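Letter by letter, the chains look like this.
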Amino acid sequence: MFDLDFPKADPVPRGCGEREPGGVYAESGLSPRGRPLEEFLFDPPLPVPEGLDLINKPQLWQRMLSSGELALDEEELPIFDLLVWVGAEHYPYCCDYLEEVKRYGSSRRLNPNLDLSLLSRSSRMILAHPHVLNMRWQEQRPPLDCKKAVPGHDVSTEGSDKAEGATSEAEEEMSLSAFVSRAGDNAGALLPALPLEFLRTGQCLFKLWELIPQEAAQTVINVSEEEAGEHHPGTEPLPLCLREIGSTIYQYRPTGESADGLVPGLFAALPLTGFALIRYHDGSVNDRAREKILAGLEAHESHALPFYETDR
Amino acid sequence: MTFTQTPVLDVEDVDIQEVSPINAVLWRRLGIEALPEHETMLLPTERLVVPDADHLVRSAKRLVKSIQHVGILQNPSVVVQGGVGIHDIEATFEVIAGRRRVLAARLAGLTVVKCEAYAASTIPLSALLALIENEQRSAAWVREVEALRCLIDEGVGLTLDDLAAFGFDRATLSERLKIAQLPVPLLNRVLKGDVSREVARKLARLTQAQQERVVGLAEAGEEITGERVNNLLRAQINAGLEPIQAALAQGWNAPPSHLPTLSNSLPLTTPGYEEQAGQAACAGKESASEMYPSTATTSMTSLLAALHAFAQSPDCRTTPQAVRTLIQALEQQLCLALREARSSSQSDPTTFQPQS
Chain A
1 MFDLDFPKAD PVPRGCGERE PGGVYAESGL SPRGRPLEEF LFDPPLPVPE
51 GLDLINKPQL WQRMLSSGEL ALDEEELPIF DLLVWVGAEH YPYCCDYLEE
101 VKRYGSSRRL NPNLDLSLLS RSSRMILAHP HVLNMRWQEQ RPPLDCKKAV
151 PGHDVSTEGS DKAEGATSEA EEEMSLSAFV SRAGDNAGAL LPALPLEFLR
201 TGQCLFKLWE LIPQEAAQTV INVSEEEAGE HHPGTEPLPL CLREIGSTIY
251 QYRPTGESAD GLVPGLFAAL PLTGFALIRY HDGSVNDRAR EKILAGLEAH
301 ESHALPFYET DR
Chain B
313 MTFTQTPVLD VEDVDIQEVS PINAVLWRRL GIEALPEHET MLLPTERLVV
363 PDADHLVRSA KRLVKSIQHV GILQNPSVVV QGGVGIHDIE ATFEVIAGRR
413 RVLAARLAGL TVVKCEAYAA STIPLSALLA LIENEQRSAA WVREVEALRC
463 LIDEGVGLTL DDLAAFGFDR ATLSERLKIA QLPVPLLNRV LKGDVSREVA
513 RKLARLTQAQ QERVVGLAEA GEEITGERVN NLLRAQINAG LEPIQAALAQ
563 GWNAPPSHLP TLSNSLPLTT PGYEEQAGQA ACAGKESASE MYPSTATTSM
613 TSLLAALHAF AQSPDCRTTP QAVRTLIQAL EQQLCLALRE ARSSSQSDPT
663 TFQPQS
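Chains A and B are the protein sequences, given in the same order.
Start counting the first sequence at 1; every next residue gets the next number (the working numbering).
Start counting the second sequence at 313; every next residue gets the next number (the working numbering).
No wet-lab data here; the hints were simulated from the structure.
Just so you know, not all the hints are guaranteed correct.
[Unchecked claim] In silico SDA-like links for lysine to any residue, alpha-carbon gap of 25 Å or less:
#1 A/Lys147 with B/Ala561
#2 A/Lys57 with B/Gly552
#3 A/Lys147 with A/Gly246
#4 B/Lys514 with A/Gly246
#5 A/Lys57 with A/Leu294
Quick caveat, the model's predicted, so the values are computed rather than measured.
Using the sequences and the accompanying hints, generate a full structural model.
Written as structure tokens, this is what we have:
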């Protein structure tokens, strides 16, 4: 029917707990031939469209082209994406989820009443979280590191200096040269003519790590100036915080800046690699979901999403 | 003790007296000409008999908070038992509509409940009364919307939290509140019952501009159908998703040229590492030799092996918890770095970061 050797999410305990018997899960598994997670992230994140009622209601959404026509896959069938809300009750910080996905892949429980036959290998799992868009980014420091390397996101300390009213002409020049050197040759020709405020190209998804409060860490390690590594100039070395969620332990360096400006946003569009059907104690699986997945296999043929049955 | 007066909510009396065409047909089929005479009476709760109480008590508990705050807003219907008169001080009454309210009243500590007391009943009458009440309840959302709109118009500064304290469901209230804030021409249609609840919910999800558009259509005499509202909502959400959809259509996952790349000549295993790595957090399902080319060793792999060995050793158990956590975090971080190194030379557009 299909090769069972496809990328799968790791069945480890997660921030949202363990997978439940009878559950049907959409997966974005990890592969030795995969691409870094960062490539599938929205940076800057995007607002949740008005009117989209997504909280705890995973739903299918038909993909459209900007011309207004339906987007079609290789089998000339319409492409449906899966819109999923990642709740703060299990993942208080969006970073919790991203760090988990990086290590173990993504696994999201679906309502078996969804027409899973519409999903194919062209489908994406578009994820939203309640605390993603940073409405206060302009008054905060840019992140030390933007892993998408979006020009302007991690451009020197210009944002923080300006916020403190400390920007001198010399500092502006330094900031500018730092930016140009990071952004690469293409930007160099254009940017020197721009005022500094234009260097901040908007909010950065990777700022979210810095906005997690220190109190959210289970382990806090204070570091000296020498041990601190890169940190925001003119500020005290930031403590190294370790946060544990599910099977994931990750580090972050809180700046102490406010996370009050965080509002719901879309932050990723992960590729779907398949479905996991979790067995009930008697060894059976959710038949309704299975039937729909099988219908999808028939409809999408070589472009269909595979599935597997498992105990966890 | 008996008590007769006009019901607290006149509108309910009117509702019951006004027979809808559907109910009129039902009445005729049940052989009922009209509702029998009844009185509004204040009855002690111990004289009220609630059939099937054991099964209802759980759902009745949800009403307790509301009753404690505002009392019972709609009188239960009861029928006297044993063929005695309704004014007999020994009379007991069977609750035929409003069983949960009576149970909740008891749980809330009320000793008397205002009821609509019927002198006689038949099975069809009991069924009919329950049906009428259920019909009223199904339209209750409209009355809730109307009440919320009154609160808004009166400038009453109640928050959702305040209202939730009365026992209302927060999500339901939030939905009703959005409906109550619809432009007046649309709200009027809701209150008149011209718009179903489902359509009203979708209208409330439209942007203000889209709602005004619907108002324009309504004022032009066009029907506000569920399909029309659905299409508007879909178009609105599609507009919000356009940046994503456009990017996906253009093969958005192609690696940006400025993405930092990792060296793919990282080195790789240390002798004997395979066995250890089989148990390591990052090893997953494949062997270490598959994870990392076995052509060389590197400081990263050595460090990972050393960390893993230490984490398994008795010495580790005597270290402070913070150190053990740090070791675990480093192990996970190193695994990620090694995978990234390996993936930089092999990429598959459908999946991401290699696991093993």
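Status of each hint after checking the structure:
1. A/Lys147 with B/Ala561: Answer holds: lysine 147 of chain A to alanine 561 of chain B is near 23 Å, not above 25 Å.
2. A/Lys57 with B/Gly552: With a Cα-Cα distance of about 18 Å, the restraint between lysine 57 of chain A and glycine 552 of chain B holds, given a limit of 25 Å.
3. A/Lys147 with A/Gly246: holds (24 Å)
4. B/Lys514 with A/Gly246: violated (37 Å)
5. A/Lys57 with A/Leu294: holds (23 Å)
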